[in-house]
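Here is how the chains run, residue by residue.
2 protein chains.
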Amino acid sequence: MIKPRTPPGVMELLPRDQIAFQRMLDTIRRNYERFGFLPVETPVFELSEVLLTKSGGETERQVYFAQSTGALAKAADGVTADGPGSSPGQALPELALRFDLTVPLARYVAEHEHELAFPFRRYQIQRVYRGERAQRGRFREFYQCDIDVVGKDALSIRFDAEILAVIHAVFSELGIGDFTVQLNNRKLMRGFFEGLGVADGARQMDVLREVDKLDKRGADYVRETLTGEGFGLSAATVDAILAFVAVRSSGHADALARLDALGQGSDTFNQGIAELREVLELIHALGVPESDYCLNLSIARGLDYYTGTVYETQLDGYPQIGSICSGGRYDDLA
Amino acid sequence: MIKPRTPPGVMELLPRDQIAFQRMLDTIRRNYERFGFLPVETPVFELSEVLLTKSGGETERQVYFAQSTGALAKAADGVTADGPGSSPGQALPELALRFDLTVPLARYVAEHEHELAFPFRRYQIQRVYRGERAQRGRFREFYQCDIDVVGKDALSIRFDAEILAVIHAVFSELGIGDFTVQLNNRKLMRGFFEGLGVADGARQMDVLREVDKLDKRGADYVRETLTGEGFGLSAATVDAILAFVAVRSSGHADALARLDALGQGSDTFNQGIAELREVLELIHALGVPESDYCLNLSIARGLDYYTGTVYETQLDGYPQIGSICSGGRYDDLA
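Read top to bottom, the protein sequences are chains A and B.
The working numbering numbers the first residue of the first sequence as 1 and each following residue consecutively.
The working numbering numbers the first residue of the second sequence as 1 and each following residue consecutively.
If we strip away everything but chain A, and leave its shape as in the complex, we get (with noise of 0.2 Å):
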């Protein structure tokens, strides 16, 4: 007799709480859809050598391969017959299960180019799938709700904007309480650490990590690790840094004359800050609540193919559960 069950790290719902994720469901597709996003749904395997062709590190660790029964014995024999000496790596399957909406999509833009009208917005609403350790908290299986603009060649910043008026849009009517978009910019961050002398964005990452650790350190021991051995800035750099990302605004004129007071730098730098301002100007003139939105030069997003603009959002009560809905604009995905 065989129990009947789950498997480890998915979710799965009685009919009543199937009912309200289904209506949250509808509520985020609905505004999506009113702000002009189109539909798009992808298969949930991509061809592997597709799929991994953009992707590395952690997350290509964490693929599901899929291999129906007929081709599974056929790789087992393969592998037999090829003996202790070959790599699980030769005979990779032919199917992945995507582990974003991202890559499918830069897959899908440039397979279908010629029958998309540009800047293309679509929405997407799947599950993903990621081969992680079971463990609390972390999901094998997951929805994600994306919105993306993608742009043929220059796309306007005004798209920032309107992105962050539809994530208004989508908590508002959520109604899971008091949320708050947190703000900044890759340019505007780059620009500042390439002007104290850090200009490897890895290195910038592994400061950001460190910086990260003052709630529960302390400053005293921040500011030890980042002048002592490994890092070696100085003192006034990493007063200056810690000045930095302790940026918060409240309000919309508060968030602008934070933005006047960073003084001018390098042309990055000033280029983050121009456009920071930009978007803080529109999403004023969207009628994005000035409440709901701040600057917070913290936010980095891992620094990896962002380019522009990055946000997070937080809910105002439960800053623990970290951020709720994040992105940003990058260039050259495909």
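Derived from the structure by calculation, the hints contain no laboratory data.
Do not rely on the hints blindly, as some may be mistaken.
When chains are identical, the list treats them as one kind, so a pair holds in a single copy or across two.
To be verified - In silico DSBU-like cross-links for lysine-lysine, where the CA-CA straight-line distance does not exceed 35 Å:
1. Lys152 / Lys74
2. Lys216 / Lys3
3. Lys152 / Lys3
4. Lys74 / Lys216
5. Lys213 / Lys152
6. Lys3 / Lys74
7. Lys152 / Lys216
8. Lys3 / Lys213
Given chain A's structure and the hints, the job is docking chain B onto it.
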């Protein structure tokens, strides 16, 4: 350079078609909910040992298994270590993708039995996965839109009629043309074949498969096969079978009259007639127009797990498509 493309055997739509498709799914969902069916979603993968308990044969050969990068590497090592004598069956992966929504339903009901109210009406609209060989019209991934009523002990026959009323509501609102729900009852069919001395279900299916060639090969061919070696039925028996499976009603009164004309037989046969009559009366009472349903005593649904009412739905203008909505009553699934 990897060419961006989807795997063979999956559907991917451009936004305009996706909108139409989404509208269709919404119509189906709204009608399911209007009849009091509750939403259920299950994870895309089930534990292999749970998923494959109830299945077998062709279906089991078409299952997709999912393995994370790590599990795959381990499995490859394992097979290599076991040497050429190891069977793929020993190393069955932990997770398998659902190949229908019925086995997950059985698992869901068994797992959550004490938290559900019976009769439990659920709908489930999700994709399923089949390791099909790529060929025209065969999909590796496709949507199923299931409704089921799960009883705890006896389940009133009125639910058979209710399901047919839901089908009628859905296809009427979809507006994809005239359609006919074709009804039969496995008890009637079983009783009829038993009365002719063909008691074995698999043999009944063999006979029906030959009868199914009527259109293409003609009556003489079918008669010759069924009276010839291998089947060895008498000419009178074959005539009776051909007359039975040819029964189609036109209109409600005609359907009842044709049931009367079948006379009486074994208990099973008579029970099949009684159930069909009750379902006909009930759907009539539920306001389903009599032009939209009929008796079709050739409907067999593969003679697998169905035990009572069975039905198929055809688009009147496109009979070559075959059934676009099928099902029936079954007992003892879990």
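Checklist line | Violations among the numbered hints, reported as their numbers in ascending order | finding: 1, 2, 4, 5, 7, 8
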